[in-house]
Amino acid sequence: MAAPPALSSQADIDAEIAAAVPGGGPHPDRGYAPYRSSALRHPHQRLAAVRDPEAVELSGPVFGATDVTALDHDLTRQHLGEPLGERITVTGRVTDRQGRPVRHQLVEIWQANAAGRYAHQRDDHPAPLDPNFTGVGRCLTDGEGRYSFTTIKPGAYPWRNHLNAWRPAHIHFSLFGTAFTQRLVTQMYFPGDPLFPYDPILHSVTDPAARRRLVADYVHALSQPEFSLGYRFDIVLDGPAATWTEPEEQR
Amino acid sequence: MNEQAAHGTSCTGTGNRTVPPTPSQTVGPFYGHALPFPRGGALAPEGDLRALTLHGRVFDGAGQPVPDALLEFWQAAPDGSRTGAPGSLRRDPADGSVLGRDGVEFTGFGRVSTDADGHWAVRTLPPPQSAPYVAVCVFARGLLHHLYTRAYLAEPAADPLLDALPAHRRATLLAPAERPGVHRFDITLQGEPDRETVFLDFG
Ligand SMILES: [Fe+3]
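Taken in sequence, the protein lines are chains A and B. So the first sequence is numbered by UniProt numbering: it starts at 1 and just counts up by one. So the second sequence is numbered by UniProt numbering: it starts at 1 and just counts up by one.
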């Protein structure tokens with residue numbers, strides 16, 4: 001095998017981020033050069049437009065009471081002991097682009113521990129594993145589209161996109177809407193993180209206003225006395241919703 | 001970036017006001033302990049004689065297998081129903097482990113990750129003639145926004161998507177039977193038009 005190419009410097013990446021031509025939409029372009037792994041993993045051909053009202057993708061999977069247990073939303077109670085780190089509560093509402101709540105759908109999160117290490121075999125970052133933290137949570141949204149998790153604040157971690165590449169602290173989110181076309185996987189960031197300017201994954205969202213929607217708000221009223229700090233992260237699912245459901249009443 | 005700016009959008013509006021969406025971000029490399037679940041590819045109730053295997057490999061633009069892709073599947077039931085059913089991740093109430101589907105309901109949903117050689121497989125029921133395809137959603141490290149495609153298990157006489165594609169592109173969506181009950185569907189994330197899988201935009 002050929003020798004791996006030399007890693008770019010942070011200055012190279014900064015220059016590429018600054019030079020990136022905004023794609024115009026709220027989502028990242030799949031081919032975003034500063035994120036090196038995207039180079040060989042994005043299509044070159046134009047996507048085929050599907051406007052068929054009979055498309056199966058306009059319906060979607062459903063989840064229910066058997067798919068989650070009562071403890072799944074609390075990542076601090078999945079082991080015998082308490083995980084190390086800053087306990088936080090993350091809550092928000094999931095809606096579609098008309099502002100209608102996404103009810104009783106599955107929200108999944110996963111994250112690194114407080115030291116920035118994933119409980120994943122291939123994460124070889126030399127930071128300690130926490131025997132009391134796996135970093136995986138699930139819940140169903142309620143009748144108003146709300147979700148809530150109790151967890152610990154994840155640490156930043158290094159990766160090998162370029163020399164001295166560090167990811168800002170983030171929680172990965174996976175969401176389902178009423179249609180398969182509304183599927184979303186994203187990442188939630190924490191306000192004021194000094195690593196924001198250096199991160200090509202965050203900057204793959206080239207519109208600054210869209211990028212801000214990935215940053216949770218610290219909401220003091222959501223902090224629980226003597227227990228946890230509160231963050232709000234509202235999520236809006238894109239893509240056409242199911243056509244066969246009755247229109248929702250607006251609240 | 002201005003961290004102080006309110007990111008939240010009010011969702012209490014009325015009418016057809018369009019709220020800006022939350023941007024997509026890559027699933028990253030370390031979802032393996034979180035998203036895949038036991039028997040995630042076992043959509044077909046055990047013992048159902050209609051069950052078929054759908055499998056293939058995922059390749060990148062250099063023709064190399066993609067070992068860290070996550071695939072999700074959604075399809076109509078054999079009777080044409082599109083409502084699905086809960087229970088894909090049915091849990092053991094005693095210890096929280098995933099038991100898998102109850103063997104009665106067809107949930108219509110599956111999720112598997114690729115192996116070290118880029119291979120994946122699911123066991124499912126045949127979709128109806130009216131919609132003879134399995135919808136596939138692809139996530140991967142390096143992919144900033146998921147991709148949709150379709151595996152057509154049977155070639156329909158008429159289909160709005162297939163009929164709009166040139167023959168060499170259309171072929172990338174066909175999942176013919178390699179042998180009875182085993183259908184093959186390779187996914188190529190990037191390549192020449194006759195090789196790169198057709199990915200879909202639902203607008
Ligand atoms: Fe991560």
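Because the hints were derived from the structure by calculation, they are not lab data. All residues carry an ideal CB built from backbone N, CA and C; glycine is no exception. A portion of the hints provided could be inaccurate.
Claimed, not checked - For each label pair, taking beta carbons as the anchor points, the in silico distance ranges come out as:
#, chain 1, residue 1, chain 2, residue 2, range
1, B, E192, A, A33, 44 to 50 Å
2, A, V21, B, P78, 32 to 38 Å
3, B, P180, A, Q10, 54 to 60 Å
4, A, G64, B, D115, 28 to 34 Å
5, A, R77, B, A121, 46 to 52 Å
6, A, A221, B, V104, 41 to 47 Å
7, A, L229, B, P20, 34 to 40 Å
8, A, L163, B, P20, 40 to 46 Å
9, B, E178, A, A33, 25 to 31 Å
10, B, P20, A, P194, 23 to 29 Å
11, B, V104, A, Q10, 24 to 30 Å
12, B, P20, A, L195, 20 to 26 Å
13, A, G64, B, E178, 49 to 55 Å
14, B, P65, A, P5, 33 to 39 Å
Unchecked claim - Partner residues aside, some chain A positions facing chain B, computed with beta carbon under 10 Å:
#, residue
15, P5
16, S8
17, S9
18, D12
19, H27
20, P43
21, H44
22, R103
23, A115
24, W159
25, N164
26, R183
27, A210
Against the structure shown, which of the earlier numbered hints fail to hold, in ascending order? Checked against the structure, the hints that fail are numbers 1, 2, 5, 7, 8, 9, 11, 13, 14, 15, 16, 17, 18, 22, 23 and 25, while the rest are satisfied.
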